[in-house]
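Sequence lines, in order, name chains P and S.
Start counting the first sequence at 258; every next residue gets the next number (my numbering).
Start counting the second sequence at 1483; every next residue gets the next number (my numbering).
Among these hints, one or two may not hold up.
To be verified - With a straight-line Cα cutoff of 30 angstroms, these simulated DSBU-like cross-link-like pairs (lysine-lysine) come out:
no. : chain 1 : residue 1 : chain 2 : residue 2
1   : S       : Lys1583   : S       : Lys1601
2   : S       : Lys1490   : S       : Lys1649
3   : P       : Lys514    : S       : Lys1589
4   : S       : Lys1486   : S       : Lys1614
5   : P       : Lys271    : S       : Lys1727
6   : S       : Lys1614   : S       : Lys1660
7   : S       : Lys1660   : S       : Lys1586
8   : S       : Lys1583   : P       : Lys514
9   : S       : Lys1692   : S       : Lys1727
10  : S       : Lys1663   : S       : Lys1692
11  : S       : Lys1486   : P       : Lys514
12  : S       : Lys1589   : S       : Lys1660
13  : S       : Lys1555   : S       : Lys1695
14  : S       : Lys1555   : P       : Lys514
15  : S       : Lys1486   : S       : Lys1512
Said to hold, decoys possible - Where chain S lies over chain P, by a calculated footprint (3+ residues, C-beta under 8 angstroms):
no. : region
16  : 422-429
17  : 439-446
To be clear, the hints were calculated from the coordinates, so they are not data collected in a lab.
Just so it is clear, CB atoms sit at the ideal spot from N, CA and C, and this is done for glycine as well.
Spelled out, the chains give:
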Amino acid sequence: MKVKRKFFEKNDLKYTLMTVLTFVVFLMLWQVLAMNNLIVGEYTPSPSEVLEAFIFKIYNVGPDGNLLITNILTSLQISMSGFVLAVIIGVPLGLLMGWYRLLDRFVRPIFEIIRPIPAVSWIPLMIVWIGVGTEAKAVIIFLTAFIPCVLNSYTGIRQTSQALINVAKVYGASNFYTFLHVGVPSTVPMIFAGMRIALASSWSCLVAAEMLAASAGLGYMINMGRNFGRADVVVLGMIIIGFIGYIFTTVFTVIEKIVVRGGTI
Amino acid sequence: MADKVKIKVDHLTKRFGDLLVLDDISFEVKKGEFICVVGPTGCGKTTFLNLLTRIYQPSSGELYIDEEPADPKKHNISFAFQEPSAMPWLTVEENLEFGLKIKKIPKEERKKRVDRILKLLGMENLRNAYPKQLSVSEEQRVIIGRAFSTYPDLLLMDEPYGQMDIKMRFYLEDEVLKLWKEFGSTVIFITHNIEEAIYLAERVLILSNKPAKIKENLEINLSRPRDVTSEEFIELRKYVTDQIKWW
Chain P
258 MKVKRKFFEK
268 NDLKYTLMTV
278 LTFVVFLMLW
288 QVLAMNNLIV
298 GEYTPSPSEV
308 LEAFIFKIYN
318 VGPDGNLLIT
328 NILTSLQISM
338 SGFVLAVIIG
348 VPLGLLMGWY
358 RLLDRFVRPI
368 FEIIRPIPAV
378 SWIPLMIVWI
388 GVGTEAKAVI
398 IFLTAFIPCV
408 LNSYTGIRQT
418 SQALINVAKV
428 YGASNFYTFL
438 HVGVPSTVPM
448 IFAGMRIALA
458 SSWSCLVAAE
468 MLAASAGLGY
478 MINMGRNFGR
488 ADVVVLGMII
498 IGFIGYIFTT
508 VFTVIEKIVV
518 RGGTI
Chain S
1483 MADKVKIKVD
1493 HLTKRFGDLL
1503 VLDDISFEVK
1513 KGEFICVVGP
1523 TGCGKTTFLN
1533 LLTRIYQPSS
1543 GELYIDEEPA
1553 DPKKHNISFA
1563 FQEPSAMPWL
1573 TVEENLEFGL
1583 KIKKIPKEER
1593 KKRVDRILKL
1603 LGMENLRNAY
1613 PKQLSVSEEQ
1623 RVIIGRAFST
1633 YPDLLLMDEP
1643 YGQMDIKMRF
1653 YLEDEVLKLW
1663 KEFGSTVIFI
1673 THNIEEAIYL
1683 AERVLILSNK
1693 PAKIKENLEI
1703 NLSRPRDVTS
1713 EEFIELRKYV
1723 TDQIKWW
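Please take these sequences and the hints and turn them into a complete structure.
This is how it looks when you write it as structure tokens:
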């Protein structure tokens, strides 16, 4: 058994090194191309310029008027409130729709109409309804994250094995008990998959949401960077959005491993 | 007391649209009896069992447990399914407790019963394992243990060893007999394996081709442990095989 473990450790190290190598090669290539103006002319910043912008933004508010940390925290607050709201409303709604046929028939027609509408197309209406504050942005994020939360929970619970449902039925369990103790736990891996998609799309929708007359946030920082011709700030914003998205995914994977008991069904 | 009728199946009929699957089936099962049901492939054995568990409702007729129409909420019915049906997110211990929690058995008693089953199955060391970590036969044993854990009035088993190899089958058949004797449950066991039916049962119900009727109600008076190579055993096996031949 020990030999096996060592084998895996060796492989783990190999894969980690490969990942690091990808970044190194990518950054080197980028640096060389940017230094020689080989990408799209002089407006493309090199990695070293982005790094300089990063250090600059830690202590300075220019050009957008906020420190980098303020922008990050503002964006996190908006996207998290939208995401959490989507999970709180979307997951139970999907589960209940998937289990109770009557509710499904009642809600689904409206849901199917709303589903294909891109979240950003709600922006003008949001401005009219609730203005341009944090709430409006959070609602845009909510609309993006809500759909995968509902869809995955719905599909997941409908795929609950009939044999498992029958086990509970034969023991005399009520429909609600079966829903809670068989339907919901068997759907947990699918719920997590939905939440993962929701988290990624809510984070990537940030720039669009922050076009709503924001005064801080990573999307706002990117917009300001564009207005002031600061490509380095634009790219820095993009990289930070990507990096935080990556952290989200990693943290989520860890939580999923703890919560999903007994492995994937 | 030993001859008390526990289960009464009274003119049970099931139709799916125009298709008549079960035709007027009536029989009685005594308390603590072990009955095997055999029949030609596709004759409606599983439908028959699903009627007994109330997963399906009969087109006509009724099933009585202790002279009352069977009701999973009132009566203590257990089912060991053919397909893997251990809850993947629960440990072996929690799976064994699953039915007990629905039946609202107090925690202390639950623990006592689970310990007893685990000991009988010899699976104490797998108490905290998840089904995914078990072999197919181990998972099936958990399902059978779970079925016995509620001390059921009626235990229904639908080819629970269908996917096992012959060696494992022999071992598990002895194990189910051990559990049956220990708990004194009334068992209806469905199988397509005639040897298995004669090895296990006190009585074998032979069903006819679809629409299924009871073709014969055969007492098995062989002493236990039964020897599958003995002359009487082979004779009985041959006899039952002839009865279910549809060709």
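Structure-based check of all given hints:
1. Annotation: proposed proximity of S/Lys1583 to S/Lys1601 holds, straight-line Cα distance about 20 angstroms (limit 30 angstroms).
2. For the proposed pair S/Lys1490 and S/Lys1649, the alpha carbon gap of about 35 angstroms is over 30 angstroms, so the pair is violated.
3. Taking the CA atoms of P/Lys514 and S/Lys1589, the gap is near 28 angstroms; set against the 30 angstroms cutoff, the hint holds.
4. A threshold of 30 angstroms between alpha carbons decides the hint, and for S/Lys1486 with S/Lys1614 the separation of about 42 angstroms lies outside it, so the pair is violated.
5. In summary, the hint linking P/Lys271 to S/Lys1727 is not supported, as the alpha carbons are separated by about 62 angstroms, beyond the 30 angstroms threshold.
6. A threshold of 30 angstroms between alpha carbons decides the hint, and for S/Lys1614 with S/Lys1660 the separation of about 26 angstroms falls inside it, so the pair holds.
7. A distance of roughly 26 angstroms separates the Cα atoms of S/Lys1660 and S/Lys1586; the hinted pair therefore holds under the 30 angstroms criterion.
8. Using a Cα cut-off of 30 angstroms, the hinted pair S/Lys1583 and P/Lys514 holds, with the two alpha carbons roughly 26 angstroms apart.
9. Restraint check for S/Lys1692 and S/Lys1727: satisfied, since their Cα atoms lie roughly 13 angstroms apart, inside the 30 angstroms limit.
10. The straight-line distance between the Cα atoms of S/Lys1663 and S/Lys1692 is roughly 34 angstroms, outside the 30 angstroms bound, and the hint therefore fails.
11. Only pairs whose Cα atoms come within 30 angstroms are accepted, and S/Lys1486 paired with P/Lys514 is rejected, the gap being roughly 52 angstroms.
12. The hinted pair formed by S/Lys1589 and S/Lys1660 meets the criterion: a straight-line CA distance of about 25 angstroms does not exceed 30 angstroms.
13. Under the criterion of a C-alpha separation no larger than 30 angstroms, the hint pairing S/Lys1555 with S/Lys1695 is consistent with the structure, at around 29 angstroms.
14. Our distance criterion of 30 angstroms between C-alpha atoms is broken by S/Lys1555 and P/Lys514, whose separation comes to about 36 angstroms.
15. The straight-line distance between the Cα atoms of S/Lys1486 and S/Lys1512 is roughly 6 angstroms, inside the 30 angstroms bound, and the hint therefore holds.
16. Interface restraint, the region 422-429 of chain P with chain S: holds (7 residues with C-beta to C-beta distance below 8 angstroms; minimum three).
17. Remark: the region 439-446 of chain P is confirmed as covered by chain S, as 4 of its residues place a Cβ nearer than 8 angstroms to a Cβ of that chain, reaching the required three.
Hints 2, 4, 5, 10, 11 and 14 from the list above are not met by this structure, while the remaining hints are.
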